[in-house]
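So the sequences go chain by chain: A and B. In terms of my numbering, the first sequence opens at residue 266 and continues consecutively. In terms of my numbering, the second sequence opens at residue 8 and continues consecutively.
No wet-lab data here; the hints were simulated from the structure. We treat Cβ as the ideally placed atom computed from N, Cα and C, and that holds for glycine. There could be a bad hint or two in this list.
[As the list claims (entries may be wrong)] Here are the simulated PhoX-like pairs of lysine-lysine, each with C-alpha atoms no more than 25 Å apart in a straight line:
hint, chain 1, residue 1, chain 2, residue 2
1, B, K336, A, K351
2, A, K377, B, K17
3, B, K618, B, K534
4, B, K534, A, K353
5, A, K353, A, K386
[What the hints assert, rightly or not] Across the chosen pairs, the derived CB separations fall in these ranges:
hint, chain 1, residue 1, chain 2, residue 2, range
6, A, N361, B, E627, 44 to 50 Å
7, A, V422, B, G216, 43 to 49 Å
8, A, A349, B, D366, 56 to 62 Å
9, B, G133, A, P383, 38 to 44 Å
10, B, K17, A, D380, 19 to 25 Å
11, B, R122, A, L363, 14 to 20 Å
12, B, S521, A, V422, 28 to 34 Å
13, B, E372, A, R297, 41 to 47 Å
14, B, E627, A, S385, 56 to 62 Å
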Amino acid sequence: MPTFVYMTRCDGCGHCVDICPSDIMHIDKTYRRAYNIEPSMCWECYACVKACPQNAIDVRGYADFAPLGHSVRVIRDEEKGTIAWKIKYRNGTEKNFLSPITTKPWGTAIPKLADVPPPSKEMRDSQLLYNEPKWIRMDDGDLRTLQSAGLRLKKGVYY
Amino acid sequence: MAYKTIVEDKIDILVVGSGLGGSGAAWEARFWGQNKKIVIAEKANIDRSGAVAQGLYAINCYMGTRWGENNPEDHVRYARIDLMGLVREDLLFDMARHVDSTVHQFEEWGLPIMRDPKTGRYLREGRWQIMIHGESYKPIVAEAAKKSADKVFNRICVTHLLMDDSRENRVAGAVGFNVRTGNYHVFKSKTVICGAGGASNIFKPRSVGEGSGRTWYAPWSSASAYGLMIEAGAKMTQMENRIVLARFKDGYGPVGAYFLHLKTYTQNCLGEEYESKWFPELQKMVGKEYLDPEASHLTHRPIPTCLRNHCIISEVNAGRGPIYMVTMKAFQDPHLEEVGWENFLGMTIGQAVLWAATDVDPKNENPELTTSEPYVMGSHATCSGAWCSGPEDVSPPEYFWGYNRMTTIEGLFGAGDAVGGTPHAFSSGSFTEGRLAAKAACKYIDDGKGEGIVVSDEQINRRKREIYKPLEHYKIYRNEIVAGDVNPHYINPKQGLDRLQKLMDEYCGGVTVSYMTNEKLLNIALKKLRVMEEDLESLAAKDVHELLRAWELRHRHRAAECVTQHTLFRKETRWPGYYYRGDAMRVDDENWHVLTVSRRDPKTGEYTMEKAPCYHLVSENE
């Protein structure tokens, strides 16, 4: 019912509650475990499935068009920087896929802009953004302007 | 009331909604305002929020000027023809000239961008699209936003913008509530950058039950970009330009990589190519300027997305459905098969679930395509959003009022879906728009434009009462009935959403009427929306989660009203395949080669409609 939670695996840690973009993974007050409170607002985005440390969350395709007997399982490994998928068909066919999710250790390659040298007045008055113009073409090329492109704005129907 | 009021004061830049647009704004703002207070208010958790929460398998807007692939003006020409001539070319040019620096930064941050082993360049899916392993696209971008922001408030549903009480039409922050604790949050800020999302679920979906969550655009894209800005009195543009998507049936899996990279193609139930036979008749409707198959064949000029939809809709209505995507050829190549699957797993996992459930293996069988219900947004092949100022070195006087990406409300900026007239920005372009807005917002503050803002307690308390009213209403009337949800005094958010979707579908050109509407139908829609607005005063929420749904519904309702007003105003069928005005079935360039601009008066609720000139920057041919 898009996502659902296995009773014996869930320990009620709440990682899924914390990450769900739709605010539909909640903790059941009686069982102290998570469940999907609003399946018709579930996008099958797998954010909760990927976040669950117990692999307790799975997806059963939308009842109005998906027959039973399938599964799409995933393991996302931030340390290895990979995501592994296993698809099982209703007829038993299996497919496996593995992809990278990042090329750098988490968070290390992003600078803190509070610590970089502040922009000059000249840069403030220009049309440039941070790291430009260098990062536009990775060479000495400058920002495109109407003049450099030889363009002029014309009003009306015809170009 | 048991809920606390939490005030965050002296903010310089408040980012409302931190998807790709908002994250770009928060990130860049720190560079231009190193001592400024930057705060993010986000409805979900920014690690997985917005349209890219699930991941993306392609970046659909990348020029490649470093390799001489395209120039910004080429992209303007492409987006313009795809939108049937009507876009803000100044904003598009501006976005396109900066977007590559955004993408290069993403790669630096660790986003895996595929490269062509022969050339060393980014691997192209199409002329504008590059392929990525983007499962963690959003977590990576969120990391950048978090590094720049002073504070991130997750799980805050922003319901209203705050306005300056000392000066008309100037923004002063925003208010909302925490969807977990229920606490009332007040953000007082000199500027607001609206990075909230466009609209899924304002038209009745094709699915009838659980599957209505498998929308093309995320179900949490609740039209808040529009609800917040329209309500505050910002001018909006091209709101009639809703989009319909041709996608794999039911799962709405993307087709871009299939068409462009895997070279799959479509056919009708008889195995025939069907598209070209609809072109002569369609050309009579839209004119040769917009549909010229020979010119498209000879050059890179695309057939507009809406017109390709029109061919699918017409073929199905002629009794030759379903439409199939021919995958069986391409999928015999194991590498292409892998690309096809990873494309889904990276951004539309539900489609993989569906194929596994229905035993559809595209290697052995061609899957069905269909056209979706309409969506309202501003960064795909459509450009609804706020009427914003362009950059000073490009924009003509009608398009420029001091600060790039500032709406017609002083201090209120937009990025992503919030900005009108800029289609085909996608993820990278939305992030870039956020960066542009952030620089301009810092300049606005440095110019002293945010001084002397007054927010009265009266305004703060009035909004608070409004926000919690559905909870109060529930408490008062709940015990009048034994049990259940049927109550003569209130409707719940789901019941309200059903009503909105049904009326928009039937009267404003949804899927059950084959996207057809006319003046009479639109006037009925407006009447029903007005009555519905009265009933929204009787909305009931049994808990804080339902209160979230209640406010999402209000934003959707306001956006739907604006869409209907615009659709009524534009007396032509500009985008056949997105919607049809049955009483004006042609493109009418003489009267309607203009951008439509609306403003809703916050005091009276009345709309004023006007035509704004459409300026062109580039010639038709390269």
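### Query
Going straight from one Cα to the other, do K353(A) and K386(A) come out at no more than 25 Å?
This hinted pair is violated, its Cα atoms lying about 59 Å apart.
### Task
Determine whether the Cβ-Cβ distance between S521(B) and V422(A) falls within the hinted range of 28 to 34 Å.
At 29 Å between Cβs, range holds.
### Task
Sort out whether K351(A) lies within 25 Å of K336(B), counting only the CA atoms.
holds, 24 Å
### Query
CB of G133(B) to CB of P383(A), is that within 38 to 44 Å?
For G133(B) and P383(A) the Cβ distance comes to about 39 Å; the hint holds.
### Query
Is the Cα-Cα distance between K377(A) and K17(B) 25 Å or less?
The hint holds at about 22 Å.
### Task
Take the C-beta atom of V422(A) and the C-beta atom of G216(B), compute their distance, and say whether it sits inside 43 to 49 Å.
holds, 47 Å
### Query
Does the Cβ distance between A349(A) and D366(B) fall inside 56 to 62 Å?
violated, 23 Å
### Query
Holds or violated: 56 to 62 Å for the Cβ distance of E627(B) and S385(A)?
The hinted range 56 to 62 Å is violated for E627(B) and S385(A), with Cβ atoms some 40 Å apart.
### 25 Å limit on alpha-carbon distance, applied to hinted pair K534(B) and K353(A)
violated, 50 Å
### Message
Holds or violated: the 44 to 50 Å window for the beta-carbon distance between N361(A) and E627(B)?
### Response
For E627(B) against N361(A), whose Cβ atoms are near 48 Å apart, the range 44 to 50 Å holds.
### Message
So if I understand the rule, the pair passes when the alpha-carbon distance is 25 Å or less; does K618(B) with K534(B) pass?
### Response
It holds: about 24 Å lies between the C-alpha atoms, which stays within 25 Å.
### Message
Please check whether E372(B) and R297(A) have a Cβ separation lying inside 41 to 47 Å.
### Response
holds, 45 Å
Comparing the model with each numbered hint stated earlier shows that hints 4, 5, 8, 14 do not hold.
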